[in-house]
Amino acid sequence: MTDPRTEAAARALFGDKVDAFSGAREYLLEEVGKALAAADAAAWRPMSEAPKGRTPILAKTGPDIYPESSNRSGWNGRHVVIQHEGILDDGFDMGWSVAAPVGYGGMPGEWFLGWQPISDFPEREPLAAPETIAIPEVRNDRPIPGKEGVDG
Numbered sequence: 021m022t023d024p025r026t027e028a029a030a031r032a033l034f035g036d037k038v039d040a041f042s043g044a045r046e047y048l049l050e051e052v053g054k055a056l057a058a059a060d061a062a063a064w065r066p067m068s069e070a071p072k073g074r075t076p077i078l079a080k081t082g083p084d085i086y087p088e089s090s091n092r093s094g095w096n097g098r099h100v101v102i103q104h105e106g107i108l109d110d111g112f113d114m115g116w117s118v119a120a121p122v123g124y125g126g127m128p129g130e131w132f133l134g135w136q137p138i139s140d141f142p143e144r145e146p147l148a149a150p151e152t153i154a155i156p157e158v159r160n161d162r163p164i165p166g167k168e169g170v171d172g
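Residue numbers (this note's numbering): 21 to 172.
Treat each hint with caution, since some may be false.
Claimed, not checked - The calculated lysine-lysine pairs, modelled on DSBU-like cross-linking and capped at a C-alpha distance of 35 Å, are:
1. 54 with 37
2. 54 with 80
3. 72 with 54
Unchecked claim - Distance ranges between label pairs, derived from CB positions:
4. 82 with 50: 28 to 34 Å
5. 99 with 68: 16 to 22 Å
6. 69 with 97: 20 to 26 Å
To be clear, the hints were calculated from the coordinates, so they are not data collected in a lab. Glycine residues also receive a C-beta, built at the ideal position from the N, C-alpha and C atoms.
The task is simple: from the sequences and hints, build the whole structure.
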């Protein structure tokens, strides 16, 4: 079975004539597939050109960022949506983090082979930290058996 992308690209180039090539059809599809593979490879941009304003991007990790024996070797050779956390006033680079609420960040750009934009995400201004952070008071109003008072 031929890759649907290859079929679609061949039809975009040659229309219904793709089926008329009979004996050369497989050769034609193979050549279109090579062109698509070259375009896909060229689509990966250097990490030095990646946006650093918390814009989500698709990145590809290197094949050997963790040894195979590590419990983190699953990060090797993956496509991951990441975002850059910013550079602090003192110049400290916060690095890249997974663009999801998973708490995994601080990854250096060297871990990634390249990046591609994600068209579903519009460019946005970097998020500014608030002047103050309000922390609500936390109370445990559940009674504890054998203890006196609200908090036990």
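Tell me the numbers of any earlier hints that the structure contravenes, in ascending order. none
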